[in-house]
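Asker: So the chains spell out like this:
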Amino acid sequence: MINLTIDGKAITVPKGTTVYQAAKQMGIEIPIFCYLDRMPPFGACRMCLVEVEKMGKLQASCTLEATEGMVVKTQSQMAKEGQEQILELLLINHPLDCPICDRGGECPLQDQTLKYGPGKSRFLEDKRHFTKPIPLGPVLMLDRERCITCARCTRFGEVIAGDHALEFIDRGYKTEVGTPDGGPAESKYIGNTIMICPVGALTSEVYRFRARPWDNDVTESACTLCPVGCNMYLDSRDGEIMRTRSRENRELNDIWLCDKGWFGYEFSSHPDRLQQPLIRREGILAPCSWDEALSVAAERLSSARGNNRTAAFGGNSLTFEESYYLQKLMREGLGVSHLDHRVGMTIVSANAEGLPPGMQTSFADCEKLSYVILLGLDLTEEFPLLWLRLRQAINKGAKVLFAGHYAPEIYTYLSNTVLHAPGHELETIKNELQQFLQDNNQGEGAIFVGSQYLASGNRVEILNELAKLNMPLNIMEGRENSMGARYAGMHPEHGPFNAIVVHPGLNALQVMQRAASAGWDLLYAVGCDPASKFPKKLWSEARSQLGFLIVQDLFLTDTAKEADLVLPTLSFVEKSGTFINIEGKGQRLNPGKMIPEGIYSDEEIFKELAHMFNVDLGEVELDVQVRLKASWQQGAKMGEQPSLAGTLSYCLFDRGVRMKRNTHLVQMAKDPVVRMHAEEMRKHGLQDGEVAEFRSEKGALAAKVKADARVAKGTVVFPLGFPECPSHVLAPDLVNGFSVEVKTVH
Amino acid sequence: MAEMRILMEHMHHPDQLSIKGYEARGGYKAVQKAIPGIAPDELTEMVKQSGLRGRGGAGFATGMKWGFVPKDKALPKYLVCNCDESEPGTFKDRLIIEKDPHQLIEGIILACYAIGAQKAFIYCRGEFFGGNMILRKAVEEAKNAGHMGQLDIVVHPGAGAYIAGEETAQLNSLEGLRATPRLKPPFPAVSGLYGKPTIINNVETLCNVVHIVNRGVEWFQSIGKPKNTGTKIFQVSGHVQKPGCYEFPLGTPLREILETAGWMFPGRKFKACYPGGSSCSLLTDKDLDISMDFETLMARKSALGTASIIVMDDSADMVKVAHRLMQFYQNESCGKCTPCREGTRWVVQMLARIEAGGGTYNDMGVIEQVCKNMETNSFCPLAVGAAPPIVSAMREFKGEFESYIQRNPNSTKPPAMKIWYPYL
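The listed protein sequences derive, respectively, from chains A and B. Straight run, no breaks: the first sequence in our numbering ends on number 746. Straight run, no breaks: the second sequence in our numbering ends on number 424.
Calculated lysine to any residue pairs in the SDA-like style (CA-CA distance at most 25 angstroms, straight line):
1. Lys372/B - Thr113/A
2. Lys120/A - Tyr361/B
3. Lys372/B - Glu125/A
4. Lys120/A - Gln349/B
Pairwise CB distance ranges, derived in the manner of DEER restraints:
5. Lys196/B - Arg710/A: 23 to 31 angstroms
6. Phe129/B - Arg210/A: 53 to 61 angstroms
7. Lys368/A - Trp219/B: 52 to 60 angstroms
8. Lys54/A - Lys196/B: 27 to 35 angstroms
9. Gly267/B - Lys57/A: 39 to 47 angstroms
10. Glu220/A - Gly176/B: 41 to 49 angstroms
11. Val159/A - Ser403/B: 49 to 57 angstroms
12. Arg710/A - Gly176/B: 20 to 28 angstroms
13. Val159/A - Lys184/B: 14 to 22 angstroms
Worth flagging that the hints you see were computed from the coordinates, not collected in a lab. Backbone N, C-alpha and C define an ideal beta-carbon position, used for all residues, glycine too.
Full structure from sequences and hints, please.
Answerer: This is the structure:
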């Protein structure tokens with residue numbers, strides 16, 4: 001321990017603490033720009049100058065390690081003069097356009113100028129000029145004149161995200177922020193740079209000029225757009241969401257969000273939002289009153305009671321409570337057991353599941369791991385925040401082994417990468433893990449299994465094999481609030497809190513197949529879009545034999561367009577409830593947006609319907625710390641190994657129902673391409689960028705093909721979430737490892 | 001004292017470039033003598049005893065620097081030879097690599113042996129096209145001749161940044177990053193290139209090691225002055241009749257060096273000189289008898305630096321000199337820290353205004369204060385070196401600056417600040 005004195009007060013700090021950190025612990029504020037406590041000290045801005053006895057000149061406190069007996073003065077005349085001079089220098093080329101700057105009101109430069117600045121500048125020359133804001137991609141605007149080159153944003157890409165999205169260009173006074181290739185910033189985390197920018201140099205194209213910080217009402221909520229459930233603030237002005245901001249939660253997202261969290265709220269105010277219920281009259285969907293809509297729904301639902309030809313889909317976009325009410329309404333009110341939330345997800349039976357999704361390592365503990373096994377997990381696409389936490393472990397020297405069909409985009413940080421075609425998962429586990437675990441056995445380790453392995457036909461065997469390793473096992477499978485839906489019982493084989501259902505119902509795919517072959521009475525699709533998640537042919541056959549279709553959604557989705565009754569509902573920024581994240585922890589949602597007139601939440605609709613049936617839905621209580629448990633059973637065996645096997649990849653920025661209404665963020669979505677290894681493409685006579693036809697047992701798809709060295713040989717990677725590339729036709733259950741034939745299209 | 005050629009002894013032979021010529025004049029004798037005749041620790045101790053100080057500018061004791069390297073044999077270590085010679089007025093390293101490259105390679109082999117490095121890098125200034133090629137050829141020859149043993153020497157060209165001559169910025173540049181200085185500590189000797197212990201030595205420093213091994217510590221100590229042992233290649237440029245490199249023992253009077261370089265042109269008077277490249281305070285005719293060594297010049301608040309004497313006779317306009325020099329620092333600042341990035345540009349703007357006849361009396365005070373800020377509060381030595389040449393010129397030749405300012409009829413009033421409305 002080190003004893004030192006700061007401003008006359010003594011403090012004892014551990015060795016290695018900087019003077020700035022020690023002062024901060026004592027509540028002494030030292031002005032600073034370049035230092036951010038999530039990144040190592042940098043010492044560039046020189047704002048944090050302090051006077052230290054026995055040292056001839058001022059010292060930058062952020063880089064100065066405290067030593068025994070040090071006497072520091074942060075308020076002395078000398079320190080003050082130094083700080084004033086640095087601020088004067090920072091401001092000489094700063095445009096001081098605070099009145100029109102988005103950062104004004106919450107700007108560290110503004111605040112510190114007021115508090116520590118000289119008040120008057122001696123600078124009489126021309127300021128440095130750049131073209132005013134230039135876009136660095138669809139969501140980020142750069143104003144180079146305001147930049148004080150503190151390097152927080154460039155170092156974020158280096159130290160935190162590892163994507164090097166922003167880099168400095170040129171040198172000296174000409175230094176400016178830019179992207180390495182001059183194009184748009186390629187990152188999934190670029191919104192964070194806006195947050196940590198201490199001036200208004202980086203601003204959000206979405207929020208730009210829409211509000212001043214003091215105009216905004218702040219609501220604490222959580223993001224529901226991926227299974228992580230990052231905590232955030234909803235900033236709203238006059239009832240409209242202006243922006244979302246990260247809310248610090250050390251246990252989950254720390255201070256970060258991914259760009260879906262930063263910019264993925266726009267859809268909630270999109271003009272496409274349904275304003276009132278729609279009912280099909282003479283073949284056309286026409287507006288109707290809620291009374292009519294609900295009575296028709298109740299009538300149809302009650303007539304379907306007990307005929308075993310009624311199903312309800314949905315839950316991923318609902319809160320836990322809403323899913324619970326929906327399944328209770330269906331199971332107890334109507335005796336319906338055909339419930340499934342897995343529309344657009346891999347569908348496997350409880351027997352073939354082995355273990356349900358969930359995590360044994362907490363997000364916070366991910367930073368402390370010293371060796372990590374990633375199995376088929378494309379973490380930046382599916383669980384973006386997990387990467388930021390794991391990166392901290394890698395910064396501390398953790399070793400990471402990846403095995404899968406194609407490597408994640410952060411592959412440069414992996415210590416070992418094993419690529420293999422779908423179907424070779426078990427042998428990879430048996431052959432590759434042993435050596436890695438022998439080399440790395442110090443400290444804490446964890447296994448993360450992702451969709452490439454979980455959506456395999458060998459899922460049970462894989463999980464059995466992994467369980468033998470006796471390491472924390474994290475089963476990373478989920479879309480939005482699928483954990484909440486599953487917990488709530490929106491599953492044909494599991495009731496609330498994973499209770500085993502005595503008479504299991506049909507899963508979503510089976511319902512569609514049964515409907516297509518033998519007809520079906522009623523389908524209630526809540527916040528899901530089966531028409532675009534199942535193969536078109538299957539859907540249209542099922543729809544033609546479907547008695548009545550009720551859709552409850554935000555938008556007129558493909559399913560809603562074909563519905564008999566459409567009920568509008570509320571988005572996640574307008575409702576309260578609980579989101580259960582992939583860790584199994586509940587995150588509270590609170591409404592930050594004014595609820596549009598005449599629209600009710602899913603919960604209110606379910607309760608109203610229940611009231612009509614005289615069903616008491618009660619209240620649900622949630623112990624969010626309990627993890628789902630399931631019995632171990634043997635599953636199906638894989639057939640013969642195909643020569644070219646297909647696998648599916650989820651994308652963070654896709655063009656799904658809600659994403660395509662985030663007018664800015666959707667531009668970050670890349671055009672969907674089917675990826676193959678270049679050698680494999682040559683073997684099949686494919687050219688990079690040409691359109692090829694892919695055929696599986698279940699269907700065919702024409703799509704552009706791209707060579708990618710990150711893909712294993714013998715593998716074809718199909719993107720999910722793009723209407724123009726319906727990969728699910730090849731494997732309606734989204735189980736990978738299906739045999740693929742390729743043909744060029746002329 | 002007359003010129004004393006040790007490093008430059010054989011440079012006039014055209015075949016000194018080839019390994020044959022170098023060996024014929026006693027080349028690689030030091031390697032044969034030291035490896036394995038002298039233990040690595042012993043060699044470090046010899047360099048320590050010799051009092052050899054770094055010739056790259058800072059004058060840090062070379063042996064002491066080598067001693068900082070951890071002794072752990074399993075740890076990879078690197079030697080980086082700093083040949084990014086970019087200081088204005090400096091051209092000694094270029095002379096060595098273009099005329100006697102094997103001398104440098106021999107020095108590198110010895111230094112690597114002393115610190116236990118298996119890999120050495122020569123970070124050669126990118127503009128030295130010829131030098132780069134000569135070095136590569138020489139490395140190839142030395143390797144084929146078997147002098148290098150297991151050692152591997154990589155000749156790496158720079159990309160034209162002055163700041164890459166700063167040791168930690170050079171390491172960043174070698175790693176493929178932006179050439180910006182790193183935070184110290186940890187010092188490179190503990191954690192340098194790729195996080196491994198690294199010694200960075202100047203070309204001339206490494207060449208001196210060869211002669212210490214060949215002729216012994218006592219011989220080296222006998223040259224120059226205590227604490228300033230050995231010879232130094234002084235580079236004289238500017239208003240002298242015979243500009244060039246002259247090797248003298250440290251502590252030779254300035255006057256003698258300038259006289260050897262032919263003194264001023266007929267009819268011209270000595271006015272001032274920067275004694276150690278441009279990054280130091282200038283000397284005037286009062287200082288002509290000063291002993292050119294590290295301590296004396298430091299006491300004079302100047303610096304020996306790279307011993308590059310930039311001479312100005314009475315035709316030099318000090319305002320223009322200050323302006324031009326500051327422009328150099330402005331363009332070469334890496335932009336990492338605020339005082340250097342913003343201060344250099346501001347001073348250039350003020351000096352330009354003074355030169356254009358728009359100066360005010362207040363400007364001189366502001367320049368001095370901004371320079372003081374740059375000198376004390378910046379991150380690395382670049383701005384520390386940028387301030388003295390301007391401040392000293394302004395102090396010593398105040399009248400010249402004032403005469404420029406007097407051309408401005410409103411020299412007592414500050415000019416109005418220009419405001420630019422971007423959105424009108």
